[in-house]
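Chemist: The numbering of the sequence shown is the UniProt record's numbering, which starts it at 1 and goes up by one.
For the record, the hints were derived by calculation from the structure and aren't laboratory data.
No residue lacks a Cβ here, since even glycine has one placed at the ideal position from N, Cα and C.
If a hint is listed, it holds; no wrong ones were tucked in.
Estimated spans, in silico, between C-beta atoms of each pair:
id: 1; residue 1: Ala191; residue 2: Trp490; range: 51 to 57 Å
id: 2; residue 1: Gly481; residue 2: Val275; range: 52 to 58 Å
id: 3; residue 1: Gly481; residue 2: Asp142; range: 41 to 47 Å
id: 4; residue 1: Ala191; residue 2: Asp126; range: 18 to 24 Å
id: 5; residue 1: Asn324; residue 2: Asp126; range: 32 to 38 Å
id: 6; residue 1: Asn324; residue 2: Asp134; range: 35 to 41 Å
id: 7; residue 1: Ala191; residue 2: Arg131; range: 22 to 28 Å
id: 8; residue 1: Gly421; residue 2: Asp134; range: 45 to 51 Å
Below, computed lysine to aspartate or glutamate pairings styled on EDC-like, alpha-carbon distance capped at 20 Å:
id: 9; residue 1: Lys136; residue 2: Glu266
id: 10; residue 1: Lys485; residue 2: Asp464
id: 11; residue 1: Lys141; residue 2: Glu437
id: 12; residue 1: Lys297; residue 2: Asp233
id: 13; residue 1: Lys379; residue 2: Asp328
id: 14; residue 1: Lys329; residue 2: Asp293
id: 15; residue 1: Lys297; residue 2: Asp328
id: 16; residue 1: Lys146; residue 2: Asp134
id: 17; residue 1: Lys146; residue 2: Asp126
id: 18; residue 1: Lys286; residue 2: Asp227
id: 19; residue 1: Lys141; residue 2: Glu355
id: 20; residue 1: Lys141; residue 2: Asp392
id: 21; residue 1: Lys423; residue 2: Asp328
id: 22; residue 1: Lys329; residue 2: Asp233
id: 23; residue 1: Lys329; residue 2: Asp319
id: 24; residue 1: Lys485; residue 2: Asp360
id: 25; residue 1: Lys136; residue 2: Asp222
id: 26; residue 1: Lys297; residue 2: Asp331
id: 27; residue 1: Lys286; residue 2: Glu266
id: 28; residue 1: Lys107; residue 2: Asp420
id: 29; residue 1: Lys379; residue 2: Asp420
id: 30; residue 1: Lys379; residue 2: Asp331
id: 31; residue 1: Lys146; residue 2: Glu437
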Amino acid sequence: MTAVRAVTDSTALTQVSAEAATGALDLPAPAKRAAAHTPVLNPGVATPAARAFALPNATAATQLCAAADAVASAQACTAYAADGGRAAQASATVHAGGARPPVKFPKGFLFGVSTSGFQSEGSFPDSNWTRYVDRKAYGIKDRYVKAVDFRHRYAEDIERARRLGVKVFRTSVEWSRVEPRRGVRDARELAYYDDLIRRIRAAGMRPMITLDHWVYPGWVADQGAWDNPRTSDDWLRNAAFIVNRYRGMGIIWITFNEASQYLYHEFLARPMNLVQLSTMRDALTKTHRRAYDMIHKVDRGALVSTNVAYGTVFNALFDAAVFNQVTDKLDFIGIDYYYGANVQNTTAVHALTGEFWRIDPEPEGLYYVLKNYQRRLPKLPVYIVENGMPTDNGRPRADGYTRADHLRDHLYWVQRALADGVKVMGYNYWSLTDNYEWGSYRPRFGLYTVDALTDPALTRRPTDAVPAYRAIIANLGVPSGYVPKRRPGWCSIEDPIATCFGKVPTPPAPYQLSGGISHLPTLE
Numbered sequence: 001m002t003a004v005r006a007v008t009d010s011t012a013l014t015q016v017s018a019e020a021a022t023g024a025l026d027l028p029a030p031a032k033r034a035a036a037h038t039p040v041l042n043p044g045v046a047t048p049a050a051r052a053f054a055l056p057n058a059t060a061a062t063q064l065c066a067a068a069d070a071v072a073s074a075q076a077c078t079a080y081a082a083d084g085g086r087a088a089q090a091s092a093t094v095h096a097g098g099a100r101p102p103v104k105f106p107k108g109f110l111f112g113v114s115t116s117g118f119q120s121e122g123s124f125p126d127s128n129w130t131r132y133v134d135r136k137a138y139g140i141k142d143r144y145v146k147a148v149d150f151r152h153r154y155a156e157d158i159e160r161a162r163r164l165g166v167k168v169f170r171t172s173v174e175w176s177r178v179e180p181r182r183g184v185r186d187a188r189e190l191a192y193y194d195d196l197i198r199r200i201r202a203a204g205m206r207p208m209i210t211l212d213h214w215v216y217p218g219w220v221a222d223q224g225a226w227d228n229p230r231t232s233d234d235w236l237r238n239a240a241f242i243v244n245r246y247r248g249m250g251i252i253w254i255t256f257n258e259a260s261q262y263l264y265h266e267f268l269a270r271p272m273n274l275v276q277l278s279t280m281r282d283a284l285t286k287t288h289r290r291a292y293d294m295i296h297k298v299d300r301g302a303l304v305s306t307n308v309a310y311g312t313v314f315n316a317l318f319d320a321a322v323f324n325q326v327t328d329k330l331d332f333i334g335i336d337y338y339y340g341a342n343v344q345n346t347t348a349v350h351a352l353t354g355e356f357w358r359i360d361p362e363p364e365g366l367y368y369v370l371k372n373y374q375r376r377l378p379k380l381p382v383y384i385v386e387n388g389m390p391t392d393n394g395r396p397r398a399d400g401y402t403r404a405d406h407l408r409d410h411l412y413w414v415q416r417a418l419a420d421g422v423k424v425m426g427y428n429y430w431s432l433t434d435n436y437e438w439g440s441y442r443p444r445f446g447l448y449t450v451d452a453l454t455d456p457a458l459t460r461r462p463t464d465a466v467p468a469y470r471a472i473i474a475n476l477g478v479p480s481g482y483v484p485k486r487r488p489g490w491c492s493i494e495d496p497i498a499t500c501f502g503k504v505p506t507p508p509a510p511y512q513l514s515g516g517i518s519h520l521p522t523l524e
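Take these sequences, add in the hints, and give me the full structure.
Modeler: Spelled out as structure tokens, the structure:
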């Protein structure tokens, strides 16, 4: 009997393992001994896993690996030798519903950083959010002061991003700054944005500009905000002005940041009744659709989208309310992923109280989310517009999990998604610096940390994620052999079919990164 035959279910693979152990399968003696230790797999798993332990050398491991690979429907399998030749492992792995081992990011992959105007700029003019802060609306805990003063320090922060090696710098052009009164343009603030975008491009980065990151001028609030049909026309008029001013500059346009969260925050801060909420939802979807057409008419060749805030069990509701109404007006799927949930990790509930630092990260959830949206809209590439980890006022997590761990773990799973054919075109880390998190400075997301309330100099101090991100970008991926610090959990809400009824996903044995793939869409 030869080692190569087509077997696609776990029962057959277990049988082959038994055959190898008893001598019926033609394998070298060391491999036969290892096969005897192959675990019995859960029947019905579509792409089963086989492991061989305690092999005396890497050659024997490779031989078993070749057999297991053929048996397990050509799943990737590698071997390594431990120090002193004491052990080797081989595995045809099943992780996160059948993911293959990582591949390198393609050279055109868009690594980036994200910020937003109101959260970082400081010195902010009259707007809905300055009013919410002034009257201490729901959820407001800290005064705004100067945020991290990006308005006057943007040049140095752009240089920090350049040194990371990123290709995209996301920020927003704030309506409240450029049109402080209806029909009146602020030349000084426009000059600021002119220079901001010029510097981003001069640093070799592509601007990603959000037209509405939940903030609108005070005069819009006075006319009823999104309750008033006129607001949509005013919004589009301002958007057309901005797009026309910066057309032809290779900008990636985001119309509305996280429309579902826009609705949620307005509902709490204004507050709004359900009729107003429904009116605003309809206005946002219709305005995005009109904006998409306008941008393509004015800035030919531009990419336009809106980003989805992934929200575990509430995601289906948000998608039904907003995202599903605009899927034909997207050039890519923009995803913001911060946390997931599974049977072993229900800490995502802390998002409801704003205590994001109490959530245990679920890095593999990003893989499930990418696969989910790719299945739904297979023709569109996916861009991770935001991903990051908050700490409690800059203090280390009690479990020792660092920002660098979080970054590497999540990008590892993006590489797994790429290996499975998901068309991921870019990834932005949120955020470049700590900022004002919609009422509080307590959640710290920054690659560079800033003590906004206690340090008058607003010093930018690098976290351990700065060298980690720089290395990932330079090497087009996490190191070969990287095993995620955060182990995948069982029965994930993001993909219950694959994770509740199949084998519990586990990280792979050490591997060697295969070469990058070239079929992904790039913007170069």
